[in-house]
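Participant: For reference, the chains in residue letters:
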Amino acid sequence: MDLSVQQFRTKAEQEFLDLYTKAEKTLPGSKNPFVADLRKNAIATYARLGLPHRRIEAWKYTDLRAHLEDVYPLATPHRGTIGTNELEAALGKAIVAFSAYRLVIVEGELREDLSDMSALKDAGAEITSLAQALETPPAWLKETLSKAGPREDDAVFALNTALMTGGVTLRLPKGLTLDKPIHLIHLDGTGDPASMVTRNVIVAEEGTSATILESYGSLGMKELQRNAVTEIEIGDKAAIHHIKFQREAVETTHLGIWLATIGADARYDAFQVSTGALLSRNQIYVGFDGEGSSTEISGACLMRGRQHCDTTLIVEHRVPACVSRELFKVVLDDHARGIFQGKVIVAPDAQKTDGKQMVNALLLSETAEFDSKPELEIFADDVVCGHGATSGQMNEDLLFYLESRGLPEAEARAMLIQAFVGEAFECIDNETLREAFSGVSADWLGVSLE
Amino acid sequence: MLEIRNLHANVDGREILKGLDLTLPTGEVHAIMGPNGSGKSTLAYVLAGKDDYEVTEGSVTWNGVDLLALDPTGRAVAGVFLAFQYPMEIPGVATMTFLRSSVNAVRKARGQEELSTPDFLRVLKEKAKDLNIDVEMLRRPLNVGFSGGEKKRNEILQMTLLEPSLCVLDETDSGLDIDALRVVADGVNALRSPERSMLVITHYQRLLDYIVPDRVHVLSDGRVARSGGPELAMELEKSGYAEFGGEATAA
Numbered sequence: 001m002d003l004s005v006q007q008f009r010t011k012a013e014q015e016f017l018d019l020y021t022k023a024e025k026t027l028p029g030s031k032n033p034f035v036a037d038l039r040k041n042a043i044a045t046y047a048r049l050g051l052p053h054r055r056i057e058a059w060k061y062t063d064l065r066a067h068l069e070d071v072y073p074l075a076t077p078h079r080g081t082i083g084t085n086e087l088e089a090a091l092g093k094a095i096v097a098f099s100a101y102r103l104v105i106v107e108g109e110l111r112e113d114l115s116d117m118s119a120l121k122d123a124g125a126e127i128t129s130l131a132q133a134l135e136t137p138p139a140w141l142k143e144t145l146s147k148a149g150p151r152e153d154d155a156v157f158a159l160n161t162a163l164m165t166g167g168v169t170l171r172l173p174k175g176l177t178l179d180k181p182i183h184l185i186h187l188d189g190t191g192d193p194a195s196m197v198t199r200n201v202i203v204a205e206e207g208t209s210a211t212i213l214e215s216y217g218s219l220g221m222k223e224l225q226r227n228a229v230t231e232i233e234i235g236d237k238a239a240i241h242h243i244k245f246q247r248e249a250v251e252t253t254h255l256g257i258w259l260a261t262i263g264a265d266a267r268y269d270a271f272q273v274s275t276g277a278l279l280s281r282n283q284i285y286v287g288f289d290g291e292g293s294s295t296e297i298s299g300a301c302l303m304r305g306r307q308h309c310d311t312t313l314i315v316e317h318r319v320p321a322c323v324s325r326e327l328f329k330v331v332l333d334d335h336a337r338g339i340f341q342g343k344v345i346v347a348p349d350a351q352k353t354d355g356k357q358m359v360n361a362l363l364l365s366e367t368a369e370f371d372s373k374p375e376l377e378i379f380a381d382d383v384v385c386g387h388g389a390t391s392g393q394m395n396e397d398l399l400f401y402l403e404s405r406g407l408p409e410a411e412a413r414a415m416l417i418q419a420f421v422g423e424a425f426e427c428i429d430n431e432t433l434r435e436a437f438s439g440v441s442a443d444w445l446g447v448s449l450e
Numbered sequence: 001m002l003e004i005r006n007l008h009a010n011v012d013g014r015e016i017l018k019g020l021d022l023t024l025p026t027g028e029v030h031a032i033m034g035p036n037g038s039g040k041s042t043l044a045y046v047l048a049g050k051d052d053y054e055v056t057e058g059s060v061t062w063n064g065v066d067l068l069a070l071d072p073t074g075r076a077v078a079g080v081f082l083a084f085q086y087p088m089e090i091p092g093v094a095t096m097t098f099l100r101s102s103v104n105a106v107r108k109a110r111g112q113e114e115l116s117t118p119d120f121l122r123v124l125k126e127k128a129k130d131l132n133i134d135v136e137m138l139r140r141p142l143n144v145g146f147s148g149g150e151k152k153r154n155e156i157l158q159m160t161l162l163e164p165s166l167c168v169l170d171e172t173d174s175g176l177d178i179d180a181l182r183v184v185a186d187g188v189n190a191l192r193s194p195e196r197s198m199l200v201i202t203h204y205q206r207l208l209d210y211i212v213p214d215r216v217h218v219l220s221d222g223r224v225a226r227s228g229g230p231e232l233a234m235e236l237e238k239s240g241y242a243e244f245g246g247e248a249t250a251a
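Chains A and B, in that order, give the protein sequences. So that you can map any letter, position 441 of the first sequence is 441 in my numbering, and since no number is skipped, the others follow by simple counting. So that you can map any letter, position 216 of the second sequence is 216 in my numbering, and since no number is skipped, the others follow by simple counting.
No lab work stands behind these hints: they were computed from the structure. Among these hints, one or two may not hold up.
[Unchecked claim] If we take Cβ atoms under 10 Å as the criterion, some of the chain A residues that face chain B in the derived model are: (1) M358; (2) L402; (3) E403; (4) R405; (5) P408; (6) F420.
Since the model is a prediction, treat every value here as computed from it, not as a measurement. Idealized CB from N, CA, C, for every residue including glycine.
Generate the whole structure from the sequences, applying the supplied hints.
Facilitator: See the structure below:
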């Protein structure tokens, strides 16, 4: 007897399935049985789950099913000219200016002509475009892509696996220390609305040290639906700084997932700042697999108009004696909405865990909304865990103090907003990068501060 | 010249200033004294333009400029400087950055050339030295973790850098020990000039030993109850504010 229930699907939910059916034969790696199976399983997972909606606890404040009405076709690469002007318009001068190994992904495709592939190889890294790697995936890539984790119950992740076209695979061999950051630049394109599904897979082997910046900007596509996943495996004694800067056009839907696993005595610092997109969901999963490691996850989001920015963190202490710190700053104006969900899971034998979480929101208007949901699931008895959340308005007394010293109101406000988010920016270790980011809030406010 | 005529002001709907008249000629230093609640600090905030201090009647002009028509920034540009009784702590804003932004904002608005970073630092170091301020302190966030004396010296440093023509000092002596008081007073005295007027608000006569005023006004219930020469301060030191609605004991 067939007990399967015909599930109701929204238009967008069905369109994702159609998108897969249509592209199945042409997606990178479609001739490789491993990759083809991986995609098939993923789309089946998605078909079972559907798009996440508000009755799913983790998506309570971000109803993706209600938000997505249509699904746009996968982007077709146009290979347009992209020079410094285009990059600066998309990301701002400061972010483009600093020295890095640049990898540019446009319209869902790694543009080797714009990327420092050979320089990065010379520096000792193994770098391939995802599309190419999927045709004949090496063993380490297969291993990473086959791991379980959130793949099973995260529809966004499943869609990414089913439809991923572009991105990079990067392996930092044992002991490699990179002399400058890797800058992964993700751009849309121009022309009709499109979907872009990208995946970066990074394996940082034992004792490696690197800073990886991902930036997301717009060249002027009419509307973009982005699904961007980065998986990163951090080996024992490795130290990785992972930074994201998202300032896409305000029509964009941005679904981002970072999935990090950390070995022993290692360090993983993640920082994310968002000012763009209409709806953005930034999920960061971090799991400790080795003792004596630490992670610091921090960031800021600055939103206005009807922008919606959701930051959802899940940190899993699976082994003893690891430290996690989370600090986020949220600035909301007009009707903007900010969401922070921070889950910390401490496994039964993860004794001596030290986990702390803090989120502060600054509401610049009466109509802005901030929702915060800390979740601590602690199954061990010798741990230190804490969380805190505050939300408040601009302090008028501080504003008056600055104005009474001759600073125009807009500049005084900018200075206070910058000071508010500044604490989070302090978490960027790399001084050049921190400098480059120091202007983000001023840029958002449209004022220039010295 | 500062001219205050029939000034009425409310705070939280309660009338605090009730028809205050005061004339402060250019180049003079006047002290405002009075018991707690007589309206001294309210007057300071009204002059600087704080939002929740609502002027209901009267006028305030500074060299003919209607101060009440200007926002706090505009008043600073017009030459008004309020040294706060309780300077604000602003984590995340480096004191040095704040000072430079503020000085250049005012210079720009006054039509002067902005100072380059090296020029600014030169001026800053010189003025900071006069006030016994360690330049290292200026790298810290604005007033955060500063002692009471450091905060007040920082106020006077700002006053020196912004070159105001009307200085309002609100209880600058509060929380200062005698050595800090001397440094602050020296800083203020160094700014006395024929082009600059000062309004020194204080509860105690002590400060006026160091900053000797040309005239003393006693505030009572939102009005100037009595004016006189420096000797009036001495007299109040003996008799207290009893006759002005304050406590009977000597201040």
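Participant: All hints, please: hold or fail.
Facilitator: Tested hints:
no., hint, verdict
1, M358, "violated (14 Å)"
2, L402, "holds (8 Å)"
3, E403, "holds (4 Å)"
4, R405, "holds (4 Å)"
5, P408, "holds (5 Å)"
6, F420, "holds (7 Å)"
Violated hint for the displayed structure: number 1, the only one.
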